[in-house]
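*Asks:* Whenever a hint applies, use it, and build me the whole structure from the sequences.
As you go down the protein sequences, you meet chains A and B in turn.
All residue numbers for the first sequence refer to numbering that gives the first Met the number 0, where the first residue is 0 and numbers rise by one.
All residue numbers for the second sequence refer to numbering that gives the first Met the number 0, where the first residue is 0 and numbers rise by one.
Take the hints with a grain of salt, since some may be wrong.
[To be verified] One side of the interface only, derived from the structure: several residues of chain A facing chain B at Cβ under 7 Å: (1) 148; (2) 211; (3) 240.
[What the hints assert, rightly or not] To be clear about the criterion: a stretch of chain B counts as covered by chain A if any three or more of its residues have a C-beta under 8 Å from a C-beta of chain A, and this derived list gives those stretches: (4) 55-69; (5) 132-139; (6) 211-221.
Hint data in this document are derived by calculation from the structure and do not stem from the laboratory.
All C-beta atoms, glycine included, are put in the ideal place defined by N, C-alpha and C.
Number of protein chains: 2
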Amino acid sequence: MKFGIIGSGSWATALAKILTDNNHSINWWIRNTDTIDHITLRKHNPHYLNAAYFDNTLLNMSSSLPYIIEESDVLIVAVPSAYIHDTFSILNTDALDGKKVVSAIKGILPDRNLLLNEYLEQTFNFNIRDYFAVLGPCHAEEVAAEKLSYLTFSGIDEDKAKDIASHFKTGYLNTVLNHDIMGVQYAAILKNIYAMGAGIAHGLEYGDNFLSVYIANSADEMVRFLRKARLDDEKEVINYAASAYLGDLLVTCYSLYSRNRTFGNMIGKGYSVKVAQLELSMVAEGYNASKCVHKKSRDLQVALPIADIIYGILWEHLPVAEGFNKIEKLLV
Amino acid sequence: MKFGIIGSGSWATALAKILTDNNHSINWWIRNTDTIDHITLRKHNPHYLNAAYFDNTLLNMSSSLPYIIEESDVLIVAVPSAYIHDTFSILNTDALDGKKVVSAIKGILPDRNLLLNEYLEQTFNFNIRDYFAVLGPCHAEEVAAEKLSYLTFSGIDEDKAKDIASHFKTGYLNTVLNHDIMGVQYAAILKNIYAMGAGIAHGLEYGDNFLSVYIANSADEMVRFLRKARLDDEKEVINYAASAYLGDLLVTCYSLYSRNRTFGNMIGKGYSVKVAQLELSMVAEGYNASKCVHKKSRDLQVALPIADIIYGILWEHLPVAEGFNKIEKLLV
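*Replies:* Below, the structure is given as structure tokens:
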């Protein structure tokens with residue numbers, strides 16, 4: 000099984016580290032040839048997780064996406080969701096024939112309001128049975144530091160998911176299997192919205208007591224959405240307290256590594272969305288997610304009062320204090 | 000409705016502050032007459048929350064428990080569970096006739112392995128319909144600082160619970176109603192055990208990713224126990240993500256105010272139980288709770304593998320690293 004990693008951000012770099020730590024040769028698509036040159040010369044990514052060093056004999060890096068796809072059986076997609084279309088639009092519709100795709104993105108294609116599998120199904124000859132997602136509370140910084148983490152591999156075809164997962168298990172990484180492929184992806188998206196809210200609450204100087212009530216109620220709201228977003232109508236009970244659901248929500252809301260929380264904190268302190276984005280030189284995934292989920296929740300007919308207020312703050316000029324006064328009244 | 004507060008620790012002091020902030024006159028049993036003298040003279044409790052000042056005209060303090068009970072309609076019990084029997088054993092069996100009792104303790108009577116209502120029913124003419132519990136993620140320090148917090152009032156008689164709750168609602172305190180009286184009490188007990196585990200994990204230098212997975216799995220384990228501990232067989236769905244359940248677990252596991260977490264952290268760093276207790280000059284409620292719950296889970300026939308390992312570490316000399324190696328394998 001030959002893996003190709005698409006992207007070179009912090010999460011892509013962490014996944015490259017895990018596979019090469021397991022002595023896998025990997026193909027690696029990196030857009031910027033300067034980055035490739037740096038890794039070739041210095042054995043680490045200069046921009047992300049630069050303390051993680053690679054055995055270069057295991058790396059086949061290229062800025063040509065068709066070449067990397069050609070060389071790989073399993074493509075791990077780890078570019079920000081906002082750049083998915085730009086990245087993939089150069090490919091022919093048969094480019095993914097015979098390939099498996101593992102989504103490592105934690106967002107939704109913003110203008111299209113599509114999950115990666117939905118986009119691939121519309122754009123390529125691609126079947127969801129070849130689609131997998133890797134998720135979990137897994138801040139890349141802790142993977143780089145080899146702190147024990149858990150990754151969940153989700154797919155409709157559980158045997159294939161198990162096979163893929165087996166290549167990631169290392170001394171610092173445990174793997175979990177799941178086949179709620181829509182649910183885990185939406186959990187990864189929703190948690191960023193709630194984490195922004197946690198950051199806003201922190202910026203507004205609410206305390207630990209409030210934050211815990213806010214996050215607990217957010218968990219409940221998230222699960223209400225996930226029950227509606229399931230692909231199957233099976234009665235099988237999903238454990239929403241597992242790491243890919245509640246675990247990921249908790250780390251994103253509480254960890255100081257969380258960029259969405261940091262972004263929210265600036266909003267809570269009174270920065271505008273624009274200034275917060277410039278200051279952090281990034282778009283927090285939760286920002287676009289709040290708009291996409293706002294629409295999607297209407298399609299699914301599920302009420303998300305907390306997420307709607309975060310959306311109002313970020314997109315519709317709802318004053319933060321007013322928004323949180325409303326949230327206060329919702330919590331139980 | 001005349002309230003009597005029994006105890007003068009940090010939580011008792013916070014509850015006295017809330018009621019007097021609402022301009023209620025209260026009766027207050029304080030064992031130590033020096034403390035009464037200090038509050039009389041200086042208007043604050045010298046030992047706990049000493050930044051909270053009282054309007055002394057609203058306080059009727061006494062070291063005589065029979066007198067305070069006599070003067071009150073509703074008794075709020077806020078002494079550590081380990082001292083309940085010593086405190087109440089001086090009373091006649093009719094001492095609680097016509098009284099309502101609100102438990103503000105977050106533990107179990109250690110040698111007897113009883114919740115407060117069970118102890119009162121055995122010891123006095125007391126009916127569980129006169130029993131209520133006040134719970135929630137409510138670190139006393141944040142109440143003192145008037146940070147918005149949520150208190151849950153639970154009782155079988157929801158009208159009475161509502162009436163009692165109405166006296167606590169202030170600008171910095173929202174109230175929530177509940178009638179799963181056994182569940183909320185056990186949640187308050189179990190969360191201390193898991194928080195000790197969170198502290199141990201922190202002491203062992205696990206990272207944020209692991210901690211979130213550990214806490215999420217603990218939430219699941221806690222709910223399994225609570226479903227079995229329900230008094231009623233009603234099919235009514237309980238919202239286990241509410242503040243009294245998941246909220247309280249989160250604040251206890253994550254907040255630096257949490258004494259159980261601090262205690263666990265010392266155990267994780269290699270201190271013995273004895274030394275950690277001496278150093279913190281207190282018994283963390285979770286320490287006794289782990290033993291009581293270990294027994295109780297057998298009575299209820301519910302498996303608590305995480306809590307059992309914490310129990311093993313605290314009571315049966317299971318080495319911390321070995322215990323957490325086992326926990327690592329349980330998590331999903």
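*Asks:* Does each hint fit the structure? Answer for all of them.
*Replies:* Each hint tested on the structure:
For residue 148 of chain A, the suggested interface contact is upheld, since its CB lies about 4 Å from the closest CB of chain B, less than 7 Å. Taking 7 Å as the C-beta cut-off, the interface hint given for residue 211 of chain A holds, the closest approach to chain B being about 4 Å. The restraint placing residue 240 of chain A at the interface with chain B holds, with a minimum CB-CB distance near 4 Å, inside the 7 Å limit. Look at the stretch 55-69 of chain B against chain A: 0 of its residues bring a Cβ nearer than 8 Å to a Cβ of that chain, fewer than three, so the hint is violated.
Check on the stretch 132-139 of chain B: 4 of its residues sit with their Cβ under 8 Å from a Cβ of chain A, so the three-residue criterion for coverage holds. For the stretch 211-221 of chain B, the assignment as covered by chain A holds, since 7 residues bring a beta-carbon within under 8 Å of that chain's beta-carbons and 3 suffice.
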